[in-house]
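*Asks:* Sequence:
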Amino acid sequence: MQTSETVTEFDGGPAIEPEFKNLYEAFQATVARKGDSLAIKSEDEGVELSWNDLDKRVRKIAGGLNALGVKRGDRVGMLLGSRADFIPIDLAAVSIGALPFSIYQTLSPDQIEYVVEDSGTELVITESAYLPNLLEARKNLPGLKRVVMLDGEGGDMTMDELEAMDPDFDPGPLAAEVELDDPLTLIYTSGTTGPPKGVLLTQGNLMSMLTTVMHSVLEIPDEGRVISWLPAAHIAERGANYYTPVMHGLEVHVCMDPRRIIEFLPKVRPSWFFAVPRIWEKLKAGLETNLASLPEEQREKALAGLNASIQKVRLEQAGEEVPEDLEAAVAAADEALFSNLRIALGFNESLAVSAGAAPTPAEVLEFFHAIGIPVGELWGLSETCGVITINPPKKIKIGTVGPPVPGVEMRVAEDGELMCRSPFVMKEYRNKPEKTAETIVDGWLLTGDIGEIDEEGYVTILDRKKELII
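Residues in the sequence shown are numbered consecutively from 1, following the working numbering.
Where hints are given, some of them may not hold.
Calculated lysine to aspartate or glutamate pairs in the EDC-like style (CA-CA distance at most 16 Å, straight line) [said to hold, decoys possible]:
{"#": "1", "residue 1": "282", "residue 2": "263"}
{"#": "2", "residue 1": "71", "residue 2": "179"}
{"#": "3", "residue 1": "139", "residue 2": "117"}
{"#": "4", "residue 1": "394", "residue 2": "366"}
{"#": "5", "residue 1": "34", "residue 2": "17"}
{"#": "6", "residue 1": "465", "residue 2": "414"}
{"#": "7", "residue 1": "21", "residue 2": "181"}
{"#": "8", "residue 1": "432", "residue 2": "117"}
{"#": "9", "residue 1": "139", "residue 2": "182"}
{"#": "10", "residue 1": "301", "residue 2": "334"}
{"#": "11", "residue 1": "394", "residue 2": "349"}
{"#": "12", "residue 1": "394", "residue 2": "316"}
{"#": "13", "residue 1": "56", "residue 2": "36"}
{"#": "14", "residue 1": "395", "residue 2": "334"}
{"#": "15", "residue 1": "284", "residue 2": "263"}
{"#": "16", "residue 1": "145", "residue 2": "117"}
{"#": "17", "residue 1": "145", "residue 2": "118"}
{"#": "18", "residue 1": "395", "residue 2": "316"}
{"#": "19", "residue 1": "397", "residue 2": "456"}
{"#": "20", "residue 1": "41", "residue 2": "53"}
{"#": "21", "residue 1": "397", "residue 2": "349"}
{"#": "22", "residue 1": "397", "residue 2": "455"}
Quick caveat, the hints were computed from the structure, so don't treat them as lab data.
Let's have the full structure, built from the sequences with the hints guiding it.
*Replies:* Below, the structure is given as structure tokens:
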């Protein structure tokens, strides 16, 4: 039986030291390694970029930003939907030591005004769909000097004009000056109370997290694929579908409309896929509806196979032996039904499938484990680069968010609050020294979540102590 004993401290072990000192250096290594291999594909936009193509685009944009006077430490705002332009724009800003950050597309003019003013950015890149709200916010933003348009008119200049300013620019010398302690991005948390907080993440925060997670937990190969479909202002999108591919050479397939993500999955067949619980719930409901519509004999056979497989999952989760006849029944159901379901859903080539941002019901996780899609919950905050714990794909405990990844130390405070210490922890909240001091105490980040840790380090989230953004 699995232990139910709890501990008050657990150390995930040492982080893996970053091989590169900044994201652009890692990107250049990927370009050298992958060359003409596919980097980004956006079917809806008709865009396909190899790593060499992406490198050329980054240099053009970096040349324009540099010509406009953007320098190391300056902020560059992006108010964009899911599109192929996001990664080259962000990388271009990173390459010259600037600090790119994304603005949620759903923000009101007042909220945009707050984020732009707090960040101190003088330049925002946007598209026509979001221009009206940005222009309304700009009325109260004297410091916002330039609005660059990806499409159409209405800004101060177009992206084409920016890219034509210095198309042969080499950002290498400027990038060489950027160290691990330099800032990489701001993540503005969409807090439920009070104004958003700008989480300042450094190059070292991200380099350490990416190196450690990909090499010690997920182990996604070079030829892997991901789908870019979440808001770029969310740490999950940046971490899973931008920073990870750039550093490790994965293909990025852009889904411009998140409502179409389910139809996108079988087109791409992602190697790693992260989704919030409602996506898994929607997939489960759709499959159950399809099963219910089968002819009676087929339906009964399918449900019997599913029930047998769920029984097997529960025995395995309890650490109990699975009878041979049950193993055989599940194997037969997998060959006859589940393997085809995985192909139809697009998960037949997935090596890691994750859920996060909110608790996923156990029955949903059991269902997907039963059909051979072992969804594992993870837990993280914007303040920790999106990662604190991850369920290892081959050792998932349903009902937990996994153990701390290497590089993370965990503690349970007297009141049950989970605390962590890690090289992944943010530098600060921008312009909020008091809030930073309240959140990071003696090097320990107070997560705001109440939880417990079992003897193997697996963390269970029990409650929320205060406002917390994941």
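*Asks:* Taking the hints in turn, state whether each one holds.
*Replies:* Here is how each hint holds up against the structure:
no.	hint	result
1	282 / 263	12 Å, holds
2	71 / 179	15 Å, holds
3	139 / 117	12 Å, holds
4	394 / 366	15 Å, holds
5	34 / 17	23 Å, violated
6	465 / 414	13 Å, holds
7	21 / 181	9 Å, holds
8	432 / 117	14 Å, holds
9	139 / 182	32 Å, violated
10	301 / 334	12 Å, holds
11	394 / 349	15 Å, holds
12	394 / 316	12 Å, holds
13	56 / 36	12 Å, holds
14	395 / 334	20 Å, violated
15	284 / 263	14 Å, holds
16	145 / 117	12 Å, holds
17	145 / 118	15 Å, holds
18	395 / 316	10 Å, holds
19	397 / 456	11 Å, holds
20	41 / 53	12 Å, holds
21	397 / 349	22 Å, violated
22	397 / 455	13 Å, holds
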